[in-house]
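Taken in sequence, the protein lines are chains C and B.
Counting from 1, position 48 in the first sequence corresponds to residue 48 in my numbering; the numbering is continuous, with no gaps.
Numbers in my numbering are just positions in the second sequence, counted from 1, shifted up by 1000.
Be aware that one or more of the hints could be misleading.
[To be verified] Here are some of the chain B residues that sit facing chain C, going by a computed Cβ distance under 8 angstroms: (1) V1082; (2) E1083; (3) D1084; (4) K1085; (5) E1086; (6) P1097; (7) L1103; (8) I1104; (9) E1105; (10) A1146; (11) L1147; (12) S1148; (13) T1149; (14) E1150; (15) A1151; (16) S1166.
[Claimed, not checked] Far from chain B by the CB rule (all over 12 angstroms, computed), these chain C residues: (17) F39; (18) I57; (19) Q69; (20) L73; (21) F116; (22) R118; (23) D144; (24) T163; (25) K184; (26) N197; (27) H212.
[As the list claims (entries may be wrong)] In the SDA-like style, the derived pairs of lysine to any residue whose C-alpha atoms are separated by at most 20 angstroms in a straight line are: (28) C:K273 <-> C:L247; (29) C:K170 <-> B:D1099; (30) B:K1174 <-> C:H19; (31) B:K1061 <-> C:S281; (32) C:K55 <-> C:S87; (33) C:K170 <-> B:H1060; (34) B:K1061 <-> C:Q176; (35) B:K1061 <-> C:L177; (36) C:K170 <-> B:P1152; (37) C:K170 <-> B:H1062; (38) B:K1061 <-> C:M171; (39) B:K1174 <-> C:E20; (40) C:K50 <-> B:P1152.
Keep in mind the hints are simulated off the structure, nothing from the lab.
Even glycine gets a Cβ: it sits at the ideal position worked out from N, Cα and C.
Listed here are the chains, written in short residue letters.
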Amino acid sequence: MPHAPCPIPNSQLKMPESHELETIEIQLFLEGIFRYYGFDFRNYALASLKRRIWKTIQSERLTTVSGLQEKILHNPAYLERFLLGVSVNVTTMFRDPSFYISFRNKVVPLLRTYPFIRIWHAGCSTGEEVYSMAILLQEEGLYDRCRIYATDMNEVVLKQAKTGIFSLKKMQEYTQLYHQAGGKKAFSEYYTAAYDNALFRSSIKDNIVFAHHNLATDNSFNEFNVILCRNVMIYFNSYLQERVHKLFHESLGMFGVLGLGHQESLHFTPYEKHYETIESSDKLYRRVK
Amino acid sequence: MKNTMKQLKVVINSTAELNKKNFEIVVVGTSLGGLDALSVLLADLPPSFPLPVVIVQHRHKHSQNRLSDFLQQQSSLQITEVEDKEPIAPGRVYLAPADYHLLIESPRQWYKSVPENYFTESPRANVEPVYNSKFPLLCRGSFTFALSTEAPVCYARPSIDVLFESAADAFGEKVIGIILTGANSDGSEGLGKIKAEGGLTFVQEPDSAQCGIMPTAAIANVEVDWILPLSQIAPCLVNLLTIKV
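Start from the sequences, fold in the hints, and give me the full structure.
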């Protein structure tokens, strides 16, 4: 797998004169983007957001947060690049294979009891994990009864997700992960190789609806049996996490299943008591209150 | 050896001065050879160690919890792999999970930016704070950890630079940064940031390290406060933090 290039060390960036000034600049910047464009990053976890803001400043060959603010507010092309840079779109198919094994063993039996299954995949990015889940459900014979709503706040990654096309180079790694995740077939049955790309079969794509939704500002849009939101809320601060947990709690039917990322937890949210644990190491929970 | 003993004396003599800083956190970075080095370091920290110790050890992205299980056998402090938004508690050892960057969120940085009515559009769920014996009581005002799956930095995720820079950002001069054995230069930028903020920097003496590349790179990049053999780092820390003026 190719490695990301080493970024220019921070010492070569022009850092702001003081923390106070940097904090003020960042607050004004986020406020400006929210008020003008409606994208609300004000309650993102600041430590990593700051890193990504400075990376954008660097790649735009600018030197200050205020400089970036000026460009973005006056030129939407800058906003589009900023949105891509600021949301972290690093993911793989069958990421954390043990999650998929637990889902097969502990959640699929619950889902078999439903005539129709609605799944919300919140923060789906470029779609790798959505297609993984679709494959799992098809192998378990449930997919015909499923509808997966895959949402993200970023139109560019949604567009890419919709195509169902991934780099062929990645397929070797994904095949390995697919089998570790309890895959039952030859992984190549699910895609057609064309030039450097792997195009996933339309039978996998059929029951997925990709749509725009921003967890920071939008509300619930349906009642679901399963909500998956893995490694998305790690970019939010505690306030925004609480908002999203409230949203999920309202959007899950009773006994609906919530799946979080490997190092995420309900422990530090006020909703801990509203769920029982299905599988603690793979962060699968079931709404009971 | 004479030199290092002399250096140790200087450390202890300057303790009074350093003590005034009231250090709040210790961050440690290591890669190749880190397992043995961390065993030695952690074994020498007493149960009463007053600060949180946060460790980035480079490791394979699919590695499991075995690292924390192994280190737990060597240490009298409780060792956990960090979960997102976990509050940082003193006297605990925290390990960066495989395949995530580990950062520190300061409560000061955001609370002012949140409008008071931000979460009151609809009535709040009826929830009460939960005391959970496994974790300290969740407190809005406390420093917490945050995770990220951003691209690896210098091939590493978790990256030492990312942790060290965010620690310096959140705790300013109250950080103690330690670089141990390792085979690349991750950590030197971050250690520089700690030093620039006025924090205290330790590097394992390259000759005594299983792999001297990481300590050497750190020493080349930063005017390090103390270069010590591994066995003396923990005793020095303990002296520094427990001798009261």
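Here is what the structure says about each hint:
1. V1082: holds (7 angstroms)
2. E1083: Constraint on E1083 (chain B) satisfied, holds at 5 angstroms.
3. D1084: Holds: closest Cβ of chain C sits about 5 angstroms from D1084 (chain B), inside 8 angstroms.
4. K1085: Cβ of K1085 (chain B) sits 5 angstroms from chain C, so the hint holds.
5. E1086: This hint holds: E1086 (chain B) lies near chain C, its Cβ roughly 6 angstroms from the closest one there, short of 8 angstroms.
6. P1097: Holds, because the Cβ-Cβ distance from P1097 (chain B) to chain C comes to roughly 5 angstroms (cut-off 8 angstroms).
7. L1103: holds (4 angstroms)
8. I1104: holds (6 angstroms)
9. E1105: With a closest approach of 5 angstroms, the E1105 (chain B) hint holds.
10. A1146: holds (4 angstroms)
11. L1147: For L1147 (chain B), the interface hint holds, since the closest Cβ of chain C sits about 5 angstroms away, which is under 8 angstroms.
12. S1148: holds (4 angstroms)
13. T1149: Interface hint status for T1149 (chain B): holds (5 angstroms vs cutoff 8 angstroms).
14. E1150: holds (5 angstroms)
15. A1151: holds (4 angstroms)
16. S1166: holds (4 angstroms)
17. F39: It holds; F39 (chain C) is separated from chain B by about 15 angstroms at its closest Cβ, greater than 12 angstroms.
18. I57: With a cut-off of 12 angstroms, I57 (chain C) remains clear of chain B, as the shortest Cβ separation is near 16 angstroms.
19. Q69: holds (15 angstroms)
20. L73: Holds, because the least Cβ-Cβ distance between L73 (chain C) and chain B comes to about 18 angstroms, which exceeds 12 angstroms.
21. F116: Since the minimum Cβ distance to chain B is about 27 angstroms, F116 (chain C) lies beyond 12 angstroms and the statement holds.
22. R118: R118 (chain C) clear of chain B: closest Cβ-Cβ about 22 angstroms, beyond 12 angstroms.
23. D144: The claim stands: D144 (chain C) keeps its Cβ more than 12 angstroms from every Cβ of chain B (closest is about 33 angstroms).
24. T163: holds (22 angstroms)
25. K184: Check passes; 21 angstroms lies beyond 12 angstroms.
26. N197: Since the minimum Cβ distance to chain B is about 22 angstroms, N197 (chain C) lies beyond 12 angstroms and the statement holds.
27. H212: holds (21 angstroms)
28. C:K273 <-> C:L247: holds (16 angstroms)
29. C:K170 <-> B:D1099: Distance of about 17 angstroms is within 20 angstroms: holds.
30. B:K1174 <-> C:H19: Answer holds: K1174 (chain B) to H19 (chain C) is near 15 angstroms, not above 20 angstroms.
31. B:K1061 <-> C:S281: Cα-Cα ~16 angstroms, so holds.
32. C:K55 <-> C:S87: holds (12 angstroms)
33. C:K170 <-> B:H1060: holds (18 angstroms)
34. B:K1061 <-> C:Q176: holds (14 angstroms)
35. B:K1061 <-> C:L177: holds (13 angstroms)
36. C:K170 <-> B:P1152: Answer holds: K170 (chain C) to P1152 (chain B) is near 17 angstroms, not above 20 angstroms.
37. C:K170 <-> B:H1062: holds (17 angstroms)
38. B:K1061 <-> C:M171: Measuring from Cα to Cα gives roughly 18 angstroms; hence the hint holds.
39. B:K1174 <-> C:E20: Holds, because 18 angstroms separates the two Cα atoms, which is no more than 20 angstroms.
40. C:K50 <-> B:P1152: holds (16 angstroms)
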